[in-house]
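Residue strings, one per chain:
Protein chains: 2
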Amino acid sequence: MFKHSCTHLTTLTKQRVLQWLGTIETVLFDADGVLWDNDKPIASAVNAFNTLRAAGKRNYIVTNNTTVSCDGILKKAISLGLETDKDHIISASLSVADYLANKKFQKKVFLVGESGISEELANLDICSFTVKPEPMNKSMKDFTLELKLDPDVGAIVVGRDDNFNVPTLIRANSYLQNRRILFLGAGMDKGYPIGENRRMVVGGGPIIAAIKTVSERKPLILGKPNPWMLRRPISAGLINPETTLMIGDTIQTDIMFAYNTGCQSLLVGTGVSSLKDVAKIRNSGNDKMMVMVPDFYLPNLEPISEHLC
Amino acid sequence: MFKHSCTHLTTLTKQRVLQWLGTIETVLFDADGVLWDNDKPIASAVNAFNTLRAAGKRNYIVTNNTTVSCDGILKKAISLGLETDKDHIISASLSVADYLANKKFQKKVFLVGESGISEELANLDICSFTVKPEPMNKSMKDFTLELKLDPDVGAIVVGRDDNFNVPTLIRANSYLQNRRILFLGAGMDKGYPIGENRRMVVGGGPIIAAIKTVSERKPLILGKPNPWMLRRPISAGLINPETTLMIGDTIQTDIMFAYNTGCQSLLVGTGVSSLKDVAKIRNSGNDKMMVMVPDFYLPNLEPISEHLC
Numbered sequence: 023m024f025k026h027s028c029t030h031l032t033t034l035t036k037q038r039v040l041q042w043l044g045t046i047e048t049v050l051f052d053a054d055g056v057l058w059d060n061d062k063p064i065a066s067a068v069n070a071f072n073t074l075r076a077a078g079k080r081n082y083i084v085t086n087n088t089t090v091s092c093d094g095i096l097k098k099a100i101s102l103g104l105e106t107d108k109d110h111i112i113s114a115s116l117s118v119a120d121y122l123a124n125k126k127f128q129k130k131v132f133l134v135g136e137s138g139i140s141e142e143l144a145n146l147d148i149c150s151f152t153v154k155p156e157p158m159n160k161s162m163k164d165f166t167l168e169l170k171l172d173p174d175v176g177a178i179v180v181g182r183d184d185n186f187n188v189p190t191l192i193r194a195n196s197y198l199q200n201r202r203i204l205f206l207g208a209g210m211d212k213g214y215p216i217g218e219n220r221r222m223v224v225g226g227g228p229i230i231a232a233i234k235t236v237s238e239r240k241p242l243i244l245g246k247p248n249p250w251m252l253r254r255p256i257s258a259g260l261i262n263p264e265t266t267l268m269i270g271d272t273i274q275t276d277i278m279f280a281y282n283t284g285c286q287s288l289l290v291g292t293g294v295s296s297l298k299d300v301a302k303i304r305n306s307g308n309d310k311m312m313v314m315v316p317d318f319y320l321p322n323l324e325p326i327s328e329h330l331c
Numbered sequence: 023m024f025k026h027s028c029t030h031l032t033t034l035t036k037q038r039v040l041q042w043l044g045t046i047e048t049v050l051f052d053a054d055g056v057l058w059d060n061d062k063p064i065a066s067a068v069n070a071f072n073t074l075r076a077a078g079k080r081n082y083i084v085t086n087n088t089t090v091s092c093d094g095i096l097k098k099a100i101s102l103g104l105e106t107d108k109d110h111i112i113s114a115s116l117s118v119a120d121y122l123a124n125k126k127f128q129k130k131v132f133l134v135g136e137s138g139i140s141e142e143l144a145n146l147d148i149c150s151f152t153v154k155p156e157p158m159n160k161s162m163k164d165f166t167l168e169l170k171l172d173p174d175v176g177a178i179v180v181g182r183d184d185n186f187n188v189p190t191l192i193r194a195n196s197y198l199q200n201r202r203i204l205f206l207g208a209g210m211d212k213g214y215p216i217g218e219n220r221r222m223v224v225g226g227g228p229i230i231a232a233i234k235t236v237s238e239r240k241p242l243i244l245g246k247p248n249p250w251m252l253r254r255p256i257s258a259g260l261i262n263p264e265t266t267l268m269i270g271d272t273i274q275t276d277i278m279f280a281y282n283t284g285c286q287s288l289l290v291g292t293g294v295s296s297l298k299d300v301a302k303i304r305n306s307g308n309d310k311m312m313v314m315v316p317d318f319y320l321p322n323l324e325p326i327s328e329h330l331c
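Protein chains in written order, with the numbering used here: chain A, 23 to 331; chain B, 23 to 331.
Please keep in mind that the hints were generated in silico from the structure rather than gathered at the bench. Please note that a few of the clues may not be correct.
In this list, chains with the same sequence are indistinguishable; a pair is considered to hold if it fits within one copy or across any two.
What the hints assert, rightly or not - No more than 25 Å apart at the CA atoms, straight line, and that leaves these computed lysine-lysine pairs for PhoX-like:
#, residue 1, residue 2
1, 240, 310
2, 298, 240
3, 129, 25
4, 154, 79
5, 62, 163
6, 130, 160
7, 160, 170
8, 160, 97
These figures come from a predicted structure and were not determined experimentally.
Can you build the whole structure from these sequences, using the hints too?
And the structure:
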């Protein structure tokens, strides 16, 4: 009954919230902007996470962050006070690796990204390499013509890449001119606001946009909002979307992901998207966009802990 | 009567071609892919250019290339055998500079681009600066937070930039968070194919796509297909669109530009777009796209000289 209503949980009675929470078996938490803000924990979320777990919910962290592996995400989560374990961390890097392993991919990956992806690929015995930092030490024409391509490359995988530059763009595009080479992206996340005046740490989205523009090829995005992210726990019977709540801070990834997987959704105002963004969608009059209106909204997760304690 | 018909000029009688050419007073030539292919002249086009000039047409070179200034383009044109002069070179760099001068822009430009743009800006007394090559010598978070912005910057201008990288992306986005700062692009050109297997020298398009994605702002593109490019010669009475033919190799820029300015258009098959691309547009069933079907087509410009000699 709350579907795409953006109901403020604080406007419901405690009894009504508890009744609803009683129907939820699993809670999926996005990480950046929900559980932590760069290196700082978001206190209300850490409390809510641990309180929900103590109340018997199965909590997962589901993140498009590709800078560190699932092990790295676990380490950070524990250091910030979250009670969880490796089996409950799902990342876009893992999703990409799982996709290639599922295809029995035997070739090499040219990775435009960080160690978060290369480690997950290696964990599933998939060979990847990066070429960075790669200088443009000759004319662009000579660089492009003289570029040696590895004939064993079968896929380009793109995530956040701090070393991305024009030589990498040319290299990726040169591979992608061969239509048999896969073009995979971890997530279209534009980045994450930090500090004052909305400065941004940039994500994989802008890099994918650049490669897409020059190559005229569409990437397959395997992080949120692709429901592929939940393939393994759903097929193992660990997650039932009908009784699962996704808590996220970004409409285009988290709330769309909840819609694509059939989970319920809660937008929290501690990260990228705001109620203004929800209003924009509602005012757009675009039916296709309306699925990105969340079921619930909270400015922060404090009320969850309060209601359960 | 030939509007958006993609008529192959070779299928018309010599008399019919001469009759039509008799109605043309001005011919606009794109440069890369039409007059030259990197450093090599396209012989049929050089002949056609000079023959048309000898036949009394006013020829202009109208290019989105921003790596060199109009002076540089003139120098190259003359060295490749084209008979022209400075007054008949129109570039996207000049168009950007003209736009800012027309607005009586008094602030500084942060330029994501090459000297072609900075020289044209300087010619119109507009101050610009680049920061390159800029290394990412700390964490992306620290780089972003510690970045010093120049309060005098009033516009970001983007063209092809061989030094483009993540630090530049973050710098551009940090400026663009201030909505009063203009976001101008020279052209959305994805690049230019060279050598075998469609390797590409990349243009400003992919860079603009990356900045657009992270900033969520739309750039004003002042190169082709923006009719602003012809503002000065049209207002000076030097060009009458009705009696002007645009010859180009790229549908999205050149042919669209002809449509936007009300000129006639001829697609030549020596560069980026092919008849396959025209067929794709025709088959798309999208009425908005149909305006990008050229009036005429030639695989190369040889027949123009043959008919006039």
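So which of the earlier hints does this model not fit?
-> Checked against the structure, the hints that fail are numbers 3, 4, 6, while the rest are satisfied.
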